[in-house]
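> Next come the chains, spelled out residue by residue.
There are 2 protein chains.
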Amino acid sequence: MGGWLAVVGLGPGAMAQVTPEASAVLAEATDLLGYGPYVDRAVTAPDAVRHVSDNREELERARHALALAEAGRRVVVVSGGDAGVFGMASAVFEALEGGPVAWRGLDVRVVPGVSAVLAAAARIGAPLGGDFCAISLSDNLKPWDVVLRRVRLSAEAGLVMALYNPRSRARPWHLGAAFGVLREILPGETVVCFARAIGRAGERVVVTDLQRADPELVDMSTLVLIGTAETRVVARVEGEPWVYTRRRVDSV
Amino acid sequence: MGGWLAVVGLGPGAMAQVTPEASAVLAEATDLLGYGPYVDRAVTAPDAVRHVSDNREELERARHALALAEAGRRVVVVSGGDAGVFGMASAVFEALEGGPVAWRGLDVRVVPGVSAVLAAAARIGAPLGGDFCAISLSDNLKPWDVVLRRVRLSAEAGLVMALYNPRSRARPWHLGAAFGVLREILPGETVVCFARAIGRAGERVVVTDLQRADPELVDMSTLVLIGTAETRVVARVEGEPWVYTRRRVDSV
Numbered sequence: 001m002g003g004w005l006a007v008v009g010l011g012p013g014a015m016a017q018v019t020p021e022a023s024a025v026l027a028e029a030t031d032l033l034g035y036g037p038y039v040d041r042a043v044t045a046p047d048a049v050r051h052v053s054d055n056r057e058e059l060e061r062a063r064h065a066l067a068l069a070e071a072g073r074r075v076v077v078v079s080g081g082d083a084g085v086f087g088m089a090s091a092v093f094e095a096l097e098g099g100p101v102a103w104r105g106l107d108v109r110v111v112p113g114v115s116a117v118l119a120a121a122a123r124i125g126a127p128l129g130g131d132f133c134a135i136s137l138s139d140n141l142k143p144w145d146v147v148l149r150r151v152r153l154s155a156e157a158g159l160v161m162a163l164y165n166p167r168s169r170a171r172p173w174h175l176g177a178a179f180g181v182l183r184e185i186l187p188g189e190t191v192v193c194f195a196r197a198i199g200r201a202g203e204r205v206v207v208t209d210l211q212r213a214d215p216e217l218v219d220m221s222t223l224v225l226i227g228t229a230e231t232r233v234v235a236r237v238e239g240e241p242w243v244y245t246r247r248r249v250d251s252v
Numbered sequence: 253m254g255g256w257l258a259v260v261g262l263g264p265g266a267m268a269q270v271t272p273e274a275s276a277v278l279a280e281a282t283d284l285l286g287y288g289p290y291v292d293r294a295v296t297a298p299d300a301v302r303h304v305s306d307n308r309e310e311l312e313r314a315r316h317a318l319a320l321a322e323a324g325r326r327v328v329v330v331s332g333g334d335a336g337v338f339g340m341a342s343a344v345f346e347a348l349e350g351g352p353v354a355w356r357g358l359d360v361r362v363v364p365g366v367s368a369v370l371a372a373a374a375r376i377g378a379p380l381g382g383d384f385c386a387i388s389l390s391d392n393l394k395p396w397d398v399v400l401r402r403v404r405l406s407a408e409a410g411l412v413m414a415l416y417n418p419r420s421r422a423r424p425w426h427l428g429a430a431f432g433v434l435r436e437i438l439p440g441e442t443v444v445c446f447a448r449a450i451g452r453a454g455e456r457v458v459v460t461d462l463q464r465a466d467p468e469l470v471d472m473s474t475l476v477l478i479g480t481a482e483t484r485v486v487a488r489v490e491g492e493p494w495v496y497t498r499r500r501v502d503s504v
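First to last, the protein sequences are chains A and B.
The first sequence begins at 1 in my numbering and counts up by one.
The second sequence begins at 253 in my numbering and counts up by one.
In short, the hints are calculated from the structure, not lab data.
Since we're looking at a predicted model, the values are computed, not measured.
Treat the hints with caution; some may be incorrect.
To be verified - Anything over 10 Å on all C-beta distances counts as not near chain B; from chain A, calculated:
#  : residue
1  : E28
2  : T30
3  : A71
4  : A89
5  : E94
6  : L96
7  : R109
8  : L128
9  : F132
10 : S136
11 : S168
12 : A170
13 : V181
14 : R183
15 : A201
16 : D209
Unchecked claim - Derived list of chain B stretches under chain A, where covered just means 3 residues or more per stretch with a C-beta under 8 Å from a C-beta of chain A:
#  : stretch
17 : 267–273
18 : 399–410
19 : 455–463
20 : 481–487
Said to hold, decoys possible - Interface residues of chain A toward chain B, partial, derived using beta-carbon atoms under 7 Å:
#  : residue
21 : A16
22 : Q17
23 : G36
24 : D40
25 : R41
26 : V85
27 : R150
The beta-carbon is built from N, C-alpha and C at its ideal position, and this holds for glycine as well.
Next comes chain A alone, as it looks inside the complex:
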């Protein structure tokens, strides 16, 4: 009785970016589930049970969490950033829809967090400034031609683009192929930013442009931002420049 499940976004990394709502929910949890590095970051009561699983076992983890909630436990599934943006929230509802009807009576909620793209943008300036999109370059869950088609149409639409999961050991060539498509549509001087591990150890920002952008500088912890014709680089007296996208658009 009284079990529930909350899917909680922990924000980009720093404790100061975890919302009080997320902290309060975590403090009540009896069980915590998630990918190891996220579970490690979560502050819970000392006797909360921590169920760590590999990053690729989302549906299984979601079913486990739902079963625990059904058994009366107070369950938190954690994601980095926001759980609704390439995080665990979708997997939990997919598991719920495919599971026993009783799960539809459970108290399930999602607690939003500061997503990686918002943290990266804030760190760099205001690159999202206008309309934008977020696209995962991973082809684990969608065909690669769908990924490229989305990248192409978003560039034609003039959307600022945040590319999640740009590169991994299993697919080192994806980002280069995406840059190839983008270079057919956007000018070479289009601003490109690499934002690595924002708010965490190993943080690094690179501001470059589309013709020079080197996929070798990018790893799985990096978010890649592609600007539009309105995106500007503003030199500072000291330090790396700010990047922002003007709100005003004069034409397509």
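Position chain B against the provided structure of chain A, taking the given hints into account.
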């Protein structure tokens, strides 16, 4: 000496969704600038000076804030949600780029927040589940044909869409026109959600579909979410349904 400017996102509305980082920066401010309803929500030291301005005076407000920081004040410009998503961050950097060179030596930073789209998605379930975009339907700063073109291409790309500023007294017909474009591309049963004032007084969620979606139910405080072929409605034992977008995409 020692002046700085921080552009701070206050989150969707509830205090429990303001990050500790944002609260700490607000506590240090000597001057607070912003649109009235956001300034009202911000918790500062009692002697902080509050400069309230109309919602349409962003650039002027940004210049005022930069001048105060240059004069040695500790200045916070507030936005609702995240300041980088249709908020004040872009205006501040635009003012900075166009202003005196000395402003390029200022300590200017952006503190991210939980954006309206993340809060709305969490409230509903996990509608963003896959690739998504955020588009403002306002034509104050971009031509209306650019808005419609972006809506059309995003639908063709299969992106979940979050439509900001969907409707105002000055342009009551914009959302209906956008629905008209979308109905040419997406099936009538595509899931549409209206998320009004999430986390604030007057919160309301409507789950409908594209063929039935009625712009009359939408006002300027509403965020409109348009699903994809992967977006599902899951009935609950009690209460309104959950909406989520499956992560797996089988074709375009």
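> None of the hints should be skipped; say for each whether it holds.
Structure-based check of all given hints:
1. For E28 of chain A, the requirement that its beta carbon stay farther than 10 Å from each beta carbon of chain B is met, with the minimum near 13 Å.
2. At the 10 Å boundary, the C-beta of T30 of chain A stays outside the reach of chain B, the nearest C-beta of that chain being 21 Å off.
3. The non-interface label for A71 of chain A is consistent with chain B: the shortest C-beta to C-beta separation is roughly 17 Å, beyond 10 Å.
4. The Cβ of A89 of chain A does not lie farther than 10 Å from every Cβ of chain B; its closest approach is about 4 Å, which violates its non-interface assignment.
5. The claim that E94 of chain A is not at the interface with chain B is violated, since a C-beta of that chain comes within 10 Å of its own (minimum 6 Å).
6. With 10 Å as the threshold on Cβ separation, the claim that L96 of chain A sits away from chain B is violated: the shortest Cβ distance comes to roughly 7 Å.
7. A Cβ of chain B approaches the Cβ of R109 of chain A within 10 Å, the least distance being about 8 Å, so the stated non-interface status is violated.
8. With a minimum CB-CB distance of about 5 Å to chain B, L128 of chain A fails to clear the 10 Å threshold, and the non-interface call is violated.
9. The Cβ of F132 of chain A sits about 6 Å from the closest Cβ of chain B, inside the 10 Å cut-off, so the non-interface label is violated.
10. The beta carbon of S136 of chain A sits about 6 Å from the closest Cβ of chain B, which is not more than 10 Å, so the claim that it is off the interface is violated.
11. For S168 of chain A, the shortest C-beta to C-beta distance to chain B comes to about 17 Å, beyond the 10 Å cut-off, and the non-interface label holds.
12. With a least beta-carbon separation of about 17 Å from chain B, A170 of chain A lies farther than 10 Å from that chain, consistent with its non-interface assignment.
13. With a closest Cβ-Cβ approach of about 13 Å to chain B, V181 of chain A is found to remain outside the 10 Å limit, as its non-interface label requires.
14. Residue-level check passed: R183 of chain A sits 19 Å from the nearest beta carbon of chain B, beyond 10 Å.
15. Once the 10 Å rule is applied to beta carbons, A201 of chain A is consistent with being away from chain B; the minimum gap is 17 Å.
16. Distance check on D209 of chain A: its Cβ is at least 18 Å (rounded) from any Cβ of chain B, clearing the 10 Å threshold; non-interface status holds.
17. Check result for the stretch 267–273 of chain B against chain A: holds, 7 residues qualifying (beta carbon to beta carbon below 8 Å, three or more required).
18. Under the rule that three or more residues need a Cβ within less than 8 Å of chain A, the assignment of the stretch 399–410 of chain B holds, with 7 such residues.
19. Using a Cβ-Cβ cut-off of 8 Å, 0 residues of the stretch 455–463 of chain B lie near chain A, which falls short of the minimum of three, so the contact claim is violated.
20. As drawn, the stretch 481–487 of chain B meets chain A at 3 residues by the rule of a beta-carbon pair under 8 Å; at three or more, the given contact holds.
21. For A16 of chain A, the interface hint holds, the least distance from its beta-carbon to any beta-carbon of chain B being 4 Å, beneath 7 Å.
22. Below 7 Å, beta-carbon pairs count as interface contacts, and Q17 of chain A has one with chain B at about 5 Å; its hint therefore holds.
23. Checking G36 of chain A against chain B: minimum C-beta separation of about 20 Å lies over 7 Å; hint violated.
24. The beta carbon of D40 of chain A comes no nearer than 19 Å to any beta carbon in chain B, farther than 7 Å, and the hint placing it at the interface is violated.
25. Here the hint on R41 of chain A is broken, as its CB sits about 14 Å from the closest CB of chain B, past 7 Å.
26. At about 6 Å, the closest approach between the beta carbon of V85 of chain A and any beta carbon in chain B falls short of 7 Å, and the interface hint on this residue holds.
27. Evaluation of the R150 of chain A hint against chain B yields a held restraint, the C-beta minimum of about 5 Å falling below 7 Å.
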